[in-house]
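Please model the complete structure; the sequences and the hints are all you need to start from.
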Amino acid sequence: MQEGYAGDSGVHPIDGNAVNTTNGAGPHNLQTFIMTADGTVLHCLPGFWSSADLAAELEVAEKLSYIWEDTAITAGHKADLFKRIHLEHLASHTQELVARSHLQGFDAQHIYKNRKELSDCISDNEAISAVEDPHKLPYAAFKTTDKIMHERMAKRPFQNYSSFDTGAYTSYGCNHYDKGENEMEGGPPTLALKGKSLRSITRPTTVAAALKVSPSVPPEPIKLAHATIPNQFVQLAKQGQWPEAFRCADKYIKSQFTQPGGYEMRSLAAFQLGWYQQAYDDASRALWLGSKHSSATILRARAASKLKPLVYLNTKSL
Numbered sequence: 001m002q003e004g005y006a007g008d009s010g011v012h013p014i015d016g017n018a019v020n021t022t023n024g025a026g027p028h029n030l031q032t033f034i035m036t037a038d039g040t041v042l043h044c045l046p047g048f049w050s051s052a053d054l055a056a057e058l059e060v061a062e063k064l065s066y067i068w069e070d071t072a073i074t075a076g077h078k079a080d081l082f083k084r085i086h087l088e089h090l091a092s093h094t095q096e097l098v099a100r101s102h103l104q105g106f107d108a109q110h111i112y113k114n115r116k117e118l119s120d121c122i123s124d125n126e127a128i129s130a131v132e133d134p135h136k137l138p139y140a141a142f143k144t145t146d147k148i149m150h151e152r153m154a155k156r157p158f159q160n161y162s163s164f165d166t167g168a169y170t171s172y173g174c175n176h177y178d179k180g181e182n183e184m185e186g187g188p189p190t191l192a193l194k195g196k197s198l199r200s201i202t203r204p205t206t207v208a209a210a211l212k213v214s215p216s217v218p219p220e221p222i223k224l225a226h227a228t229i230p231n232q233f234v235q236l237a238k239q240g241q242w243p244e245a246f247r248c249a250d251k252y253i254k255s256q257f258t259q260p261g262g263y264e265m266r267s268l269a270a271f272q273l274g275w276y277q278q279a280y281d282d283a284s285r286a287l288w289l290g291s292k293h294s295s296a297t298i299l300r301a302r303a304a305s306k307l308k309p310l311v312y313l314n315t316k317s318l
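In this note's numbering, the protein residues as written are 1 to 318.
Don't read these hints as lab results, they were simulated from the structure. Some hints here could point you the wrong way.
[Claimed, not checked] Listed next, the in silico DSBU-like pairs over lysine-lysine satisfying Cα-Cα at most 35 Å (straight line):
#1 143 - 83
#2 155 - 113
#3 308 - 238
#4 254 - 306
#5 83 - 155
#6 78 - 155
#7 83 - 113
#8 251 - 292
#9 83 - 63
#10 238 - 116
#11 238 - 136
#12 136 - 78
#13 251 - 147
#14 83 - 251
#15 306 - 113
#16 306 - 63
#17 143 - 251
#18 143 - 63
#19 63 - 238
#20 143 - 308
#21 136 - 147
#22 113 - 136
#23 143 - 292
#24 251 - 155
#25 116 - 136
#26 83 - 254
#27 292 - 116
#28 292 - 238
#29 292 - 155
#30 83 - 147
#31 254 - 238
#32 116 - 143
#33 292 - 63
#34 238 - 143
[Claimed, not checked] Each pair of labels, with its calculated beta carbon distance range:
#35 124 - 305: 26 to 34 Å
#36 36 - 274: 31 to 39 Å
#37 130 - 66: 44 to 52 Å
#38 304 - 80: 52 to 60 Å
#39 259 - 163: 28 to 36 Å
All C-beta atoms, glycine included, are put in the ideal place defined by N, C-alpha and C.
Written out as structure tokens, the structure is:
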């Protein structure tokens with residue numbers, strides 16, 4: 001039987017395309033529970049997570065498993081340690097990880113529409129209160145998915161899976177999530193299922209249709225302000241100030257998240273900083289969004305060539 005919180009996605013054949021996305025995207029579609037043998041939840045990662053970030057979260061769960069199994073520690077102390085470890089790990093997240101964990105635009109829209117119930121997903125209530133047009137949201141006013149996850153987990157110390165409130169825990173995004181990867185070049189030759197979801201084949205699509213959100217259109221003054229960000233990025237890049245350039249590109253993405261330009265800029269900055277997985281992901285995202293610049297293709301290929309030796313070294317040590 002399907003749970004009420006379970007999400008809806010498209011039809012994904014085994015031979016279909018696959019794409020990267022942001023950490024925590026699709027929280028209703030997938031939940032990765034890490035538990036002890038007796039069903040005690042140590043961690044739960046909602047939605048998609050990149051492999052490197054997932055590995056770090058598994059280490060958190062491993063630490064907590066030792067605490068749970070230690071009979072010398074009292075239940076109260078265990079609960080305190082559980083909370084502390086989750087919040088300390090959150091504080092240690094790199095800027096690179098945080099950049100991979102920004103909310104999808106439609107999830108931010110969902111939080112805004114349900115802001116009273118989802119107030120723990122908002123970091124700047126004043127900015128949200130000042131919103132006049134819900135299609136022009138200040139995305140920096142929302143918490144990133146990694147922060148939402150760890151703060152919520154910190155309030156659920158060593159709960160048994162049978163009593164874990166998965167519905168409330170994953171309630172920061174839309175129920176329908178699909179990247180449309182099967183419509184990309186190289187997808188399955190059969191187009192009969194294009195644009196359809198598994199549920200749409202078996203029941204009416206009123207739920208999925210109601211959750212579609214039009215791309216945000218910034219107001220003219222903001223548009224003009226953001227037009228200067230690429231120029232700032234170019235100046236920072238010329239000066240070799242790559243950390244600042246990365247932050248500049250990240251800011252641009254938050255305001256133009258449906259456009260490839262910001263991802264191209266952040267890919268370049270990430271590559272120069274040695275963050276090759278980030279560079280690869282951003283270049284791939286730019287191409288998926290329709291970038292026609294050869295720089296995105298070149299950056300993606302260069303990042304991939306840098307990642308291959310790292311994969312070889314990691315597998316060699318196993």
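Hint-by-hint comparison with the structure:
Of the supplied pair hints, the one linking residue 143 and residue 83 holds, its CA atoms being roughly 19 Å apart against a limit of 35 Å. Note on residue 155 and residue 113: the hinted pairing holds, with a Cα-Cα distance of about 24 Å set against a maximum of 35 Å. With a CA separation close to 28 Å, the supplied pair residue 308 and residue 238 stays within the 35 Å bound. Among the hinted pairs, residue 254 with residue 306 is consistent with the structure: their alpha-carbon atoms are about 27 Å apart, no more than 35 Å.
For the given pair, residue 83 sits about 7 Å from residue 155 by alpha-carbon distance, which is consistent with the 35 Å threshold. This hinted pair checks out: residue 78 and residue 155 have alpha carbons roughly 13 Å apart, not beyond 35 Å. Taken as a hint, the residue 83 and residue 113 pair is honoured in the structure, with Cα atoms around 29 Å apart against an allowance of 35 Å. Among the hinted pairs, residue 251 with residue 292 is consistent with the structure: their alpha-carbon atoms are about 22 Å apart, no more than 35 Å.
In summary, the hint linking residue 83 to residue 63 is supported, as the alpha carbons are separated by about 12 Å, within the 35 Å threshold. Our distance criterion of 35 Å between C-alpha atoms is broken by residue 238 and residue 116, whose separation comes to about 45 Å. Distance restraint check for residue 238 and residue 136: the Cα-Cα separation of roughly 32 Å lies within the 35 Å cut-off, and the hinted pair is therefore satisfied. Distance hint between residue 136 and residue 78 is unfulfilled; the C-alpha atoms sit about 43 Å from each other, more than 35 Å.
Distance restraint check for residue 251 and residue 147: the Cα-Cα separation of roughly 18 Å lies within the 35 Å cut-off, and the hinted pair is therefore satisfied. Of the supplied pair hints, the one linking residue 83 and residue 251 holds, its CA atoms being roughly 31 Å apart against a limit of 35 Å. The suggested pairing of residue 306 with residue 113 is violated, with an alpha-carbon distance near 42 Å, which exceeds 35 Å. The straight-line distance between the Cα atoms of residue 306 and residue 63 is roughly 31 Å, inside the 35 Å bound, and the hint therefore holds.
Proposed proximity of residue 143 and residue 251 is supported: the alpha carbons are some 14 Å apart, at most 35 Å. Restraint check: the Cα-Cα separation between residue 143 and residue 63 comes to about 26 Å, which is no more than 35 Å; the hinted pair holds. With a CA separation close to 43 Å, the supplied pair residue 63 and residue 238 exceeds the 35 Å bound. Simply put, residue 143 and residue 308 have alpha-carbon atoms about 33 Å apart, close enough for the 35 Å limit, and the pair holds.
At roughly 23 Å between alpha-carbon atoms, residue 136 and residue 147 fall within 35 Å of each other, so this suggested pair holds. The suggested pairing of residue 113 with residue 136 holds, with an alpha-carbon distance near 13 Å, which does not exceed 35 Å. A distance of roughly 32 Å separates the Cα atoms of residue 143 and residue 292; the hinted pair therefore holds under the 35 Å criterion. Distance hint between residue 251 and residue 155 is fulfilled; the C-alpha atoms sit about 30 Å from each other, no more than 35 Å.
For the proposed pair residue 116 and residue 136, the alpha carbon gap of about 19 Å is at most 35 Å, so the pair holds. At most 35 Å may separate the alpha-carbon atoms for a hinted pair to count; residue 83 and residue 254 meet this at roughly 30 Å. Of the supplied pair hints, the one linking residue 292 and residue 116 is violated, its CA atoms being roughly 41 Å apart against a limit of 35 Å. Taking the CA atoms of residue 292 and residue 238, the gap is about 23 Å. The hint holds against a cut of 35 Å.
Straight-line distance between C-alpha atoms of residue 292 and residue 155 comes to about 46 Å, which puts the hinted pair past the 35 Å bound. Restraint check for residue 83 and residue 147: satisfied, since their Cα atoms lie roughly 13 Å apart, inside the 35 Å limit. Distance restraint check for residue 254 and residue 238: the Cα-Cα separation of roughly 23 Å lies within the 35 Å cut-off, and the hinted pair is therefore satisfied. For the suggested pair residue 116 and residue 143, the alpha carbons sit about 15 Å apart, so the restraint of at most 35 Å is met.
With a CA separation close to 46 Å, the supplied pair residue 292 and residue 63 exceeds the 35 Å bound. For the suggested pair residue 238 and residue 143, the alpha carbons sit about 32 Å apart, so the restraint of at most 35 Å is met. As the Cβ distance of residue 124 to residue 305 is approximately 40 Å, the hint placing it in 26 to 34 Å is violated. Against the hinted window of 31 to 39 Å, the Cβ-Cβ separation of residue 36 and residue 274 comes to about 37 Å, which satisfies the hint.
Checked against the given bound of 44 to 52 Å, the beta carbons of residue 130 and residue 66, roughly 46 Å apart, stay inside it. Remark: the range hint 52 to 60 Å for residue 304 to residue 80 is contradicted by a beta-carbon distance near 44 Å. The hinted range of 28 to 36 Å is not satisfied by residue 259 and residue 163, whose Cβ atoms lie roughly 44 Å apart.
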